[in-house]
Every structure is written in C-alpha cells, then in structure tokens.
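Asker: The primary structure of each chain is shown beneath.
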Amino acid sequence: MKQDYLVLENLVKVFQSGKSALRAVDNVSVKVKEGELVTLLGPSGCGKTTTLRMIAGFEIPTSGKIFIEGKEVSMIPPNQRPTTMVFQNYALFPHMTVFENISYGLRIRKESAQNVKEKTEKIINLVGLEGLSKRSPAHLSGGQQQRVSLARSLIMEPKVLLLDEPLSNLDAKLRVSTRLEIRKLQQRIGITSVYVTHDQEEAMTLSDRVVIMNAGKIQQVGTPQEIYAYPNNYALHNITFKEGEKILLLVRPEAVDLKAKIPNSIIGIIQQIIYLGSHLVYEIKVDDNIFTVEISNPLAQKSFTIGEEVSLCLKENCLHVLPYEDIKKQE
Amino acid sequence: MAILLLVPTLIAFFVQKYWVSRKSYVTVTGKPTGASIKKLEWYIKVPVYSFCVFFTAVVFLFYGMIVYGSFQTLWGVDATLTLHNYIETFQVGKDYLIDSLTLATIATPITGILGMFLAFLVIRKKFIGKGLMEFVSMLTFAVPGTVVGIGYILAFNVKSNLFPIVLTGTAWIIITLLVFRNMPVGIRSGIAALQQIDPSIEEASTDLGADSNTTFRRITLPMIAPAFFSGLAYSFVKAMTAISAVIFVVSGKWNLITIAVLGFVDNAQYAQAAAMSLILISIVLVALGIIQLIVNRIGKGTRLINVIG
Chain B
1 MKQDYLVLEN LVKVFQSGKS ALRAVDNVSV KVKEGELVTL LGPSGCGKTT
51 TLRMIAGFEI PTSGKIFIEG KEVSMIPPNQ RPTTMVFQNY ALFPHMTVFE
101 NISYGLRIRK ESAQNVKEKT EKIINLVGLE GLSKRSPAHL SGGQQQRVSL
151 ARSLIMEPKV LLLDEPLSNL DAKLRVSTRL EIRKLQQRIG ITSVYVTHDQ
201 EEAMTLSDRV VIMNAGKIQQ VGTPQEIYAY PNNYALHNIT FKEGEKILLL
251 VRPEAVDLKA KIPNSIIGII QQIIYLGSHL VYEIKVDDNI FTVEISNPLA
301 QKSFTIGEEV SLCLKENCLH VLPYEDIKKQ E
Chain C
1 MAILLLVPTL IAFFVQKYWV SRKSYVTVTG KPTGASIKKL EWYIKVPVYS
51 FCVFFTAVVF LFYGMIVYGS FQTLWGVDAT LTLHNYIETF QVGKDYLIDS
101 LTLATIATPI TGILGMFLAF LVIRKKFIGK GLMEFVSMLT FAVPGTVVGI
151 GYILAFNVKS NLFPIVLTGT AWIIITLLVF RNMPVGIRSG IAALQQIDPS
201 IEEASTDLGA DSNTTFRRIT LPMIAPAFFS GLAYSFVKAM TAISAVIFVV
251 SGKWNLITIA VLGFVDNAQY AQAAAMSLIL ISIVLVALGI IQLIVNRIGK
301 GTRLINVIG
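Residue numbers (this note's numbering), protein chains in the order written: chain B, 1 to 331; chain C, 1 to 309.
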C-alpha cells in the first residue's frame with residue numbers, strides 16, 4: 001500500500017469578487033494512503049467542497065499543489081485527471097438511459113463496443129441495478145439514481161474517487177443503509193476515496209480518517225475514534241494555558257453516570273427523560289444550564305423520575321480541555 | 001425620433017438585466033422529480049377561462065375573415081365565392097413566394113445556431129466583454145423595425161473601410177437583417193433553457209473525460225434542443241412575416257411576400273391580399289408542424305420538453 005497516494009500540499013483558493021477576496025481554502029495539506037477513505041467534515045462554507053473541486057480539477061488552486069501517485073496534477077484539466085466525482089445532485093444526463101449514463105465515460109474514451117457492454121453490465125450488477133438499464137433517470141428512485149451516479153464514476157476505474165455529499169438528497173433511513181453499501185463497495189474495490197460531508201455521524205461510520213475543516217482551515221485530522229475521543233484535546237498535547245484564560249471542559253453525554261444525590265458533587269434536577277430503547281437520555285438542569293446525559297442499557301440501571309435531584313459523576317478519562325475561543329470560532 | 005424610441009427599451013433592458021437576472025433558476029438538476037398540477041377553485045377558473053375563450057374567438061374572427069374574404073369576387077361589394085383570386089395571386093406572387101421561402105430558409109438555421117451559441121457563451125463561459133456582447137446582441141430587438149431597416153440601408157449602401165462590399169439590393173442584406181433581427185429571441189430562449197440546467201451535469205461529462213466540444217455536442221445540445229427548435233420555429237415565422245424592417249431593404253431582384261400583400265392592399269385588391277396572406281399562413285403552419293414533429297422525436301424519453309417546450 002502506497003503511503004502518499006494522493007497529496008494535497010498547502011492548497012489555497014481565493015475567490016475574488018469585485019474588491020473583496022474570500023479565502024475559501026486556506027493552506028490545506030492532507031496525505032491520503034492508497035485504498036483509504038478520507039472524509040472532509042465541516043459546516044457549509046468551510047471550504048470542503050472547494051477542496052474536492054480542486055482535486056477534481058474544476059477549480060484551479062490559487063497556490064499549492066496536488067499530487068496523485070507522485071505526479072503533479074494541479075494544472076491538468078478535469079477531463080484528463082485520473083479522478084471521477086459523484087455529485088451531490090447526481091448530475092445524471094436526463095436524455096440518456098441508465099446504460100448510456102453509466103457507459104458514457106467509456107464511450108468517450110472510445111473503447112470497443114464489446115468492452116463497453118461487458119464492463120457496463122458488470123458494474124450494473126455490482127451496484128445492484130439489474131433490469132433497469134433501459135430506464136431513463138426520471139423513472140428511478142433517489143437511491144437508484146445515486147447508484148447510477150456511483151456506477152458512472154466507478155466504471156472509469158479512477159485513481160481517486162471523489163464524493164460530494166452523495167447522500168444528502170436521500171431520506172434518513174436510506175442514508176444509513178446506503179452509506180454502509182458505499183463503504184463496503186469502497187473496501188471491496190479498494191479504491192482511494194475523498195468524501196465530503198457535513199454529517200458527523202456519516203463521517204464517523206464511513207471513514208478511515210476524518211479531516212475536520214472550518215473557515216477554510218484544517219482543524220483536526222484523525223481516525224473517527226481519535227476524533228471522537230479527543231476533540232482537539234489540548235490537555236493531551238501538553239498545551240498549557242495562561243492564567244485568566246477562559247477554558248472549556250468537554251464531557252461526552254455517555255461519559256457521565258447518574259447517582260442518587262450525594263454531597264460534594266455536581267447536582268442537577270431531571271427535566272426530561274427520552275427513552276430510545278437501547279439507551280435513555282436525561283436532560284438535567286444544573287444551575288442555569290441544561291446537560292444531556294446518555295445512559296446505555298437502561299434496564300440494568302437505576303432509573304430516575306422527572307424533578308428528582310441527582311448527582312452527575314464523571315467516568316475515568318472523559319474530560320477534555322479546550323480553549324474557550326476555539327469553540328466560539330467553530331460556532 | 002429613433003433615439004427617443006430607444007430610451008424606454010434600454011431602461012427596460014437594464015432593469016431586466018440587473019434586477020431579475022441576479023437570481024438563478026435551476027430546475028433541471030439531474031435529479032428529476034415529478035411535478036404536480038394544482039386544482040383551481042371555480043372562481044379563479046371561470047373568469048380566466050372565459051377571458052381565454054373570448055380572446056381565442058377574436059383571433060378566430062381575424063383568420064375567418066381572411067379565409068372568407070379571399071374567396072369573394074370583390075371584398076365588400078360582391079360576395080360571390082370564386083377561386084379567381086388565388087389564380088391571380090399565384091400568377092403575380094409566385095416570385096415573391098419563392099423569394100420569401102428561399103430567404104427565410106437560409107436565414108432560419110443561421111439565426112438558430114448563432115443564437116444558441118451566443119446563449120451558451122453568455123451563460124457558461126467567462127470572458128471580458130461578455131456583458132457588452134449580451135447587450136449588443138439584444139439591441140436590434142429593442143430598436144423599432146423601421147429604424148433597423150434604415151440603419152442597414154445607410155450602413156451597407158456604399159463601400160467603406162469597415163465593410164468593403166455594397167450589400168444593398170442583394171439577398172444578403174435581407175438575410176443579414178432577418179438573422180440579426182430575430183436572433184435575440186433565440187438567444188433569450190437559449191439562455192432560459194441553459195439557466196434551468198444545473199452546470200454540474202456538464203461538469204459530470206467533463207469529469208468523465210469529455211472535452212468541452214464533446215460536452216456541448218453530446219450533453220448541452222440535446223438538453224437545449226427543444227429551446228433550439230422553438231427558436232427556429234419563431235425565427236422562421238418572423239422571417240416569413242417580417243415587414244417593418246425589411247421594407248427598406250427589398251429590391252426588384254429580391255422581394256418578399258409580405259411586401260406583396262402590402263402592394264395588393266395599396267391597389268385596393270383586398271381579396272387578393274387575403275388570398276396571399278392565407279398562402280403565407282399555410283406555409284407557416286406547415287413549417288411549424290414539421291418543427292413540432294422534430295421536437296417530439298428528439299424530446300422522446302426526456303422530460304425537458306415539458307419544462308421548456
């Protein structure tokens with residue numbers, strides 16, 4: 001497995017409109033291994049889509065370089081780059097059938113009719129669109145359209161597959177099953193992929209690594225586990241804080257135990273109880289703040305009622321220290 | 001006078017350009033969804049419907065009178081039905097008819113293709129002077145026809161450094177005039193069609209290895225084909241029925257059917273004028289039918305035609 005399969009080196013993109021300039025992507029460097037799926041995660045306008053479009057070649061970087069397999073591609077036009085993209089709204093060709101949509105790239109490449117037929121049929125089976133090849137995109141469900149879009153990109157056997165929020169147009173249930181399918185397919189083919197999303201859960205379940213972006217800059221890079229367990233954990237990095245500096249203590253909802261009221265602890269009043277089957281969510285008022293606490297396996301635990309006073313006890317290694325200003329910026 | 005007439009149209013143009021066109025309308029996103037038609041309440045339906053019926057009746061009255069009048073011996077005096085008018089019209093007007101058809105047939109495809117091309121440049125490409133190009137291309141439409149006609153006569157009457165050939169009196173001055181006079185509608189319908197198509201559909205084509213020529217030919221063109229053909233239909237109809245601008249540029253060698261109709265009216269030969277008009281109307285209807293047929297053939301299997309056509 002090659003380590004630096006796709007490399008983004010100090011990418012900067014400035015959009016000029018009139019006299020004002022927007023630094024949409026600000027000094028972004030990422031290294032993606034062969035076969036890895038890396039997610040760019042962040043709110044809208046954080047520069048993740050612009051970064052993806054630069055990898056695809058639709059935007060030319062203001063400065064910085066892009067390498068694929070060690071070869072610089074920054075200035076190569078999109079039709080000659082070894083990348084293909086799954087668009088947010090699928091961007092299927094409305095005047096072509098499913099078969100014609102999927103085989104479009106091969107036909108542009110002028111592969112033999114026999115080749116086109118074989119490859120297209122193979123990929124149609126792979127993504128589970130059997131029997132739909134003569135349909136027009138207008139007569140497909142959202143999930144099917146999404147698969148056509150995926151198949152159309154995969155058939156080109158790109159070196160890097162780019163996915164721009166491919167699930168955002170699907171309903172919640174389909175989104176969960178489709179993201180699993182995408183992940184399985186990606187691992188089976190072993191294709192190097194860059195995935196853009198603003199959905200944290202999606203990023204966590206799909207990715208080998210997550211790149212968190214905000215205001216054009218990279219905030220944190222890590223595996224989903226690292227990102228979740230140590231959100232920019234300054235304490236872990238031995239960063240010291242000055243006296244008088246505001247800090248934020250972060251505790252995950254599932255890292256708290258509830259106990260009957262004991263002295264010298266954080267005490268709160270239960271405001272709301274939400275039963276979710278596998279776990280129970282309490283909303284607890286502590287002074288003027290509402291805290292959310294998640295209790296898993298609720299049947300085995302002591303249960304509380306609304307209005308009851310309880311103690312919030314922290315589990316081991318669950319406290320994260322963050323500078324206050326950092327959080328303010330992210331919001 | 002011409003300048004005075006120009007002012008309000010220019011204002012309207014700028015209002016349209018800087019106010020309306022700031023918004024972007026993308027309705028063909030590559031993620032097609034079904035549209036539904038709302039059921040209307042009767043108190044909206046009845047007045048609107050009666051207005052439409054009334055309007056249709058008035059239009060039918062116009063055309064009915066032309067049909068009826070063209071068969072009368074002497075319109076308004078002797079209502080005996082006869083075919084004589086058609087024989088006479090055809091003898092006198094055969095050359096006009098052929099000229100009109102020839103010129104319109106040459107001008108129409110040039111208008112359509114040029115219009116689509118300009119629309120594509122304006123919507124999808126970025127270059128210096130784009131706004132100016134869009135503005136200038138719309139200008140002949142904003143100016144009254146007679147003004148355009150006189151302008152063409154003055155511009156192409158003598159040899160100049162700018163244009164070393166005299167066009168006046170040739171077929172080319174009529175064709176050029178028809179093309180540039182009718183192109184704005186082609187451009188506008190092309191712009192409307194392109195604005196409705198999500199640019200990412202074209203990007204997808206590029207992404208899959210097609211260069212911009214191939215993308216235009218295999219993706220953009222088929223998607224805007226309905227708009228292209230309705231543009232064609234429009235420019236053909238306008239070319240056949242044009243009168244205000246072309247009246248200045250016709251000559252003995254090249255004359256037009258509309259001018260012939262005007263000539264008949266001048267000679268108080270109303271029945272012959274009506275007969276000539278009827279022939280003109282039939283030609284236009286046949287041409288529209290053919291274009292509609294082509295649109296249906298191309299539009300098969302896509303929903304685009306419902307959106308634009």
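Any given hint could be a false lead.
[Stated by the list, open to error] Here are the simulated BS3-like cross-link-like pairs (lysine-lysine), alpha carbons at most 27 Å apart as the crow flies: (1) C:39 with B:19; (2) B:31 with B:2; (3) B:122 with B:110; (4) B:19 with C:130; (5) B:65 with C:126; (6) B:184 with B:119; (7) B:65 with B:119; (8) B:65 with C:125.
It is worth saying that the hints were derived from the structure and are not from the lab. All values derive from a computational prediction rather than experimental measurement.
Asker: Need the list of violated hint numbers for this structure, in ascending order.
Answerer: Hints 1, 7 contradicted; others consistent.
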